[in-house]
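Student: Given the coordinates of chain E, work out where chain H should sit on it, guided by the hints.
There are 2 protein chains.
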Amino acid sequence: MSFDDRQSLNLVPFVSVDDMMNVVLDIGIESCLSGIADYIAQDFARWELFDKTPRVAAHSSVGVIELMPTSDGVKYAFKYVNGHPKNTREGLQTVTAFGVLSDVDSGYPVLISEMTILTALRTAAMSAVAARALAPKDADCMAIIGNGAQSEFQALAFQALLGIRKLRLYDVDRTATRKCADNLAGRGFEIVECATPEDAVEGAQIITTVTADKQYATILTDNMVGAGVHINAIGGDCPGKTELHRDILLRSDIFVEYPPQTRIEGEIQQLDEDHPVTELWEVLTGRAEGRTSARQVTLFDSVGFAIEDFSALRWLRDQLERTGRYENLDMIADPDEPRDLFGMILRAGAKR
Amino acid sequence: MSFDDRQSLNLVPFVSVDDMMNVVLDIGIESCLSGIADYIAQDFARWELFDKTPRVAAHSSVGVIELMPTSDGVKYAFKYVNGHPKNTREGLQTVTAFGVLSDVDSGYPVLISEMTILTALRTAAMSAVAARALAPKDADCMAIIGNGAQSEFQALAFQALLGIRKLRLYDVDRTATRKCADNLAGRGFEIVECATPEDAVEGAQIITTVTADKQYATILTDNMVGAGVHINAIGGDCPGKTELHRDILLRSDIFVEYPPQTRIEGEIQQLDEDHPVTELWEVLTGRAEGRTSARQVTLFDSVGFAIEDFSALRWLRDQLERTGRYENLDMIADPDEPRDLFGMILRAGAKR
Chain E
0 MSFDDRQSLN LVPFVSVDDM MNVVLDIGIE SCLSGIADYI AQDFARWELF DKTPRVAAHS
60 SVGVIELMPT SDGVKYAFKY VNGHPKNTRE GLQTVTAFGV LSDVDSGYPV LISEMTILTA
120 LRTAAMSAVA ARALAPKDAD CMAIIGNGAQ SEFQALAFQA LLGIRKLRLY DVDRTATRKC
180 ADNLAGRGFE IVECATPEDA VEGAQIITTV TADKQYATIL TDNMVGAGVH INAIGGDCPG
240 KTELHRDILL RSDIFVEYPP QTRIEGEIQQ LDEDHPVTEL WEVLTGRAEG RTSARQVTLF
300 DSVGFAIEDF SALRWLRDQL ERTGRYENLD MIADPDEPRD LFGMILRAGA KR
Chain H
0 MSFDDRQSLN LVPFVSVDDM MNVVLDIGIE SCLSGIADYI AQDFARWELF DKTPRVAAHS
60 SVGVIELMPT SDGVKYAFKY VNGHPKNTRE GLQTVTAFGV LSDVDSGYPV LISEMTILTA
120 LRTAAMSAVA ARALAPKDAD CMAIIGNGAQ SEFQALAFQA LLGIRKLRLY DVDRTATRKC
180 ADNLAGRGFE IVECATPEDA VEGAQIITTV TADKQYATIL TDNMVGAGVH INAIGGDCPG
240 KTELHRDILL RSDIFVEYPP QTRIEGEIQQ LDEDHPVTEL WEVLTGRAEG RTSARQVTLF
300 DSVGFAIEDF SALRWLRDQL ERTGRYENLD MIADPDEPRD LFGMILRAGA KR
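Residue numbers (numbering that gives the first Met the number 0), protein chains in the order written: chain E, 0 to 351; chain H, 0 to 351.
Just so you know, not all the hints are guaranteed correct.
For lysine-lysine, the following BS3-like pairs were computed, each having C-alpha atoms within a straight-line distance of at most 25 Å [as the list claims (entries may be wrong)]:
{"no.": "1", "chain 1": "E", "residue 1": "Lys74", "chain 2": "H", "residue 2": "Lys85"}
{"no.": "2", "chain 1": "H", "residue 1": "Lys85", "chain 2": "H", "residue 2": "Lys51"}
{"no.": "3", "chain 1": "H", "residue 1": "Lys74", "chain 2": "E", "residue 2": "Lys85"}
{"no.": "4", "chain 1": "H", "residue 1": "Lys51", "chain 2": "E", "residue 2": "Lys51"}
{"no.": "5", "chain 1": "H", "residue 1": "Lys240", "chain 2": "H", "residue 2": "Lys85"}
Restraint ranges, calculated between C-beta atoms of paired labels, are given here [said to hold, decoys possible]:
{"no.": "6", "chain 1": "E", "residue 1": "Ala56", "chain 2": "H", "residue 2": "Ser1", "range": "23 to 33 Å"}
{"no.": "7", "chain 1": "H", "residue 1": "Cys237", "chain 2": "E", "residue 2": "Gly225", "range": "56 to 66 Å"}
{"no.": "8", "chain 1": "E", "residue 1": "Gly27", "chain 2": "H", "residue 2": "Leu10", "range": "26 to 36 Å"}
{"no.": "9", "chain 1": "H", "residue 1": "Phe2", "chain 2": "E", "residue 2": "Arg321", "range": "36 to 46 Å"}
{"no.": "10", "chain 1": "E", "residue 1": "Asp3", "chain 2": "H", "residue 2": "Asp172", "range": "32 to 42 Å"}
{"no.": "11", "chain 1": "H", "residue 1": "Asn327", "chain 2": "E", "residue 2": "Arg173", "range": "32 to 42 Å"}
{"no.": "12", "chain 1": "E", "residue 1": "Lys136", "chain 2": "H", "residue 2": "Cys237", "range": "50 to 60 Å"}
{"no.": "13", "chain 1": "E", "residue 1": "Arg173", "chain 2": "H", "residue 2": "Arg321", "range": "42 to 52 Å"}
{"no.": "14", "chain 1": "H", "residue 1": "Arg351", "chain 2": "E", "residue 2": "Asp3", "range": "22 to 32 Å"}
{"no.": "15", "chain 1": "H", "residue 1": "Pro53", "chain 2": "E", "residue 2": "Gly90", "range": "31 to 41 Å"}
{"no.": "16", "chain 1": "E", "residue 1": "Val73", "chain 2": "H", "residue 2": "Asp198", "range": "41 to 51 Å"}
{"no.": "17", "chain 1": "H", "residue 1": "Asp172", "chain 2": "E", "residue 2": "Ala56", "range": "26 to 36 Å"}
{"no.": "18", "chain 1": "E", "residue 1": "Asp317", "chain 2": "H", "residue 2": "Leu10", "range": "23 to 33 Å"}
These are calculated hints, taken from the structure and not from any lab test.
Cβ coordinates follow ideal geometry from the N, Cα and C atoms, glycine included.
The following block holds chain E by itself, in its conformation from the complex:
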């Protein structure tokens, strides 16, 4: 009997933050990143099957709460995610997230999970999937500009999927760089802590920008980007927040997840609406070309898309049996007789 058959449908497996940390520790973070990358690559290969609904956003003066649903016709997933920059000052997280995976045939939820850690993993896995298709084949050195919460995940994903061994780290706050270097110690990297962004990009075939500036910023200027480089731009991910000088965009071949979303949220919000971009799924399926020359500058303008969360939740669901890291939530009412919901309450009262 399969895990799915043994699992009672009215009980929904819940993966807590603590469970998620244990999944990472049990399996190993590299295997988690590679596993999620495989699921993302599979799902991008089936791109046209997916419902690609825009996010449903509720804006307030201090932040936003969004629901990001998608479905491939077999499974359905949505992520709840908020963004509240002022939370940090109050000792709270800027972003919290959780997600649900459901079975389309029955409509029953089959997983509910924390998605702060899971989103960090899927974002890094997505970057590495894109870079595997776009970066120079011999790349072994990556600059990471911005050494906050996502930086270690990026480094480890690029090590696992592309064999990156040299890291050049830079952050406006040197304690962040120190933290990142300390956290990655003993994991086979040669790490250089850099004093300037110019220093950081020196000799790097891949440049990852993952800063948290909530505004138009210019982390990279045009002169810093040499021929043949792959830029993995993670930090520009909402209207009014970009990291790259426009001139870099104009001489790059630009690859995106989902153009309607990226044109609003990504680096390309700086460009004309009809500026040509290539959808990454087309590269992954061979319908479009990725890197075609050694001197080409490639740019993955990443904003994070619902299908990546879907892939991550699908991966996590498939780890439940192996790890046992979940608890069952009694979330779906299951009366013996569907028409007798009230009787179910009466019988529960009689048993007390």
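Tutor: Relative to the frame of chain E, chain H by itself:
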């Protein structure tokens, strides 16, 4: 210190099906229905404050999964609900539901709950709130046509809010009528089990239609509805599913929750798009008239709207301290240092 202050923000209270049954048993179902009715009335009085986003639906050949979000600017809520008519044949629920309430200022979820029982309660409370404004003042007798899962909740809500004491029950399946009558025994009703719908409506000042037919049906024909009656039409709630003959609609004053949704899902999908209807919130706030004469036929064309779920979740959240019927879910990652998510995992590993 208030309950909110004591409750750690990274822990989200979860109300399971079992907890929800115990909330109903602890507080008493009449108090639950009255309490939810009060919250609905409060929220309908603030109607214009709310974000009224359409449902976000994912359709498949066998069913639909919907997210229903709304916010008043202080709290945010969404309900997940599916509809899969074929589930019954497989021993599953046609509809399952859960919901989340969040704090708009921080974006943090503050409640996750089962919503099968809670939706049954709020649907009945909503009907009674509408009938309190629209039904004849001296109503003491209600016909309930369709004696399935929602019927007892309707009876009890109308008893609690309007003092209904006489019930006339009819269902195509007499075992459903028997079940309903048995479940309501000893609760102060005078119950008549009727052999035909015509018999059921005899002498009733309020007619509740709550059948489960998944098609255009004619539960009530025009000759069955006498002058002065209030019709509480619950069962017609999706495109292609109605309960009333069109002629009844043409001589009724029609009251709805949210016209853009009701025109697609409600009884009024049978009418022209510009057929006049009154929004219930306008009646509740005194901006529009409800019942104006003893001979008028009033119709509440109910389809269920996100604000009612919001009200129900808000009410439930306010019962947590009193009932203690919840468990805390470790759903929000809370690193000591927000920029050190990876370090949080490392430290969890060091502690194992």
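Student: Would you mind marking each hint as holding or not holding in the structure?
Tutor: Evaluated hints:
1. A threshold of 25 Å between alpha carbons decides the hint, and for Lys74 (chain E) with Lys85 (chain H) the separation of about 17 Å falls inside it, so the pair holds.
2. Of the pairs offered as hints, the one joining Lys85 (chain H) and Lys51 (chain H) is violated, with about 30 Å between alpha carbons and a cut-off of 25 Å exceeded.
3. About 17 Å separates the Cα atoms of Lys74 (chain H) and Lys85 (chain E), which keeps this hinted pair within 25 Å; it holds.
4. Distance restraint check for Lys51 (chain H) and Lys51 (chain E): the Cα-Cα separation of roughly 22 Å lies within the 25 Å cut-off, and the hinted pair is therefore satisfied.
5. Using a Cα cut-off of 25 Å, the hinted pair Lys240 (chain H) and Lys85 (chain H) holds, with the two alpha carbons roughly 16 Å apart.
6. Between Ala56 (chain E) and Ser1 (chain H) the C-beta distance comes to about 30 Å, which sits within the given range of 23 to 33 Å.
7. Look at Cys237 (chain H) against Gly225 (chain E): about 59 Å separates their beta carbons, and that is inside 56 to 66 Å.
8. Between Gly27 (chain E) and Leu10 (chain H) the CB atoms are about 28 Å apart, so this pair conforms to the stated range of 26 to 36 Å.
9. Under the hint 36 to 46 Å, the C-beta atoms of Phe2 (chain H) and Arg321 (chain E), about 39 Å apart, fit the expected range.
10. Restraint check, Asp3 (chain E) to Asp172 (chain H): a C-beta distance of roughly 33 Å satisfies the suggested window 32 to 42 Å.
11. The beta-carbon spacing between Asn327 (chain H) and Arg173 (chain E), approximately 38 Å, falls within the hinted interval of 32 to 42 Å.
12. At roughly 54 Å, the beta-carbon separation of Lys136 (chain E) and Cys237 (chain H) lies within the given 50 to 60 Å, and the hint holds.
13. In this structure, Arg173 (chain E) and Arg321 (chain H) meet the distance hint of 42 to 52 Å, their C-beta atoms being roughly 51 Å apart.
14. The hinted range of 22 to 32 Å is satisfied by Arg351 (chain H) and Asp3 (chain E), whose Cβ atoms lie roughly 29 Å apart.
15. For the pair Pro53 (chain H) and Gly90 (chain E), the supplied restraint of 31 to 41 Å holds, since their beta-carbon distance comes to about 36 Å.
16. For the pair Val73 (chain E) and Asp198 (chain H), the supplied restraint of 41 to 51 Å holds, since their beta-carbon distance comes to about 48 Å.
17. Here the CB-CB span from Asp172 (chain H) to Ala56 (chain E) is close to 45 Å, at odds with the stated 26 to 36 Å.
18. In this structure, Asp317 (chain E) and Leu10 (chain H) meet the distance hint of 23 to 33 Å, their C-beta atoms being roughly 27 Å apart.
Violated hints, in rising order: 2, 17; the structure is consistent with all others.
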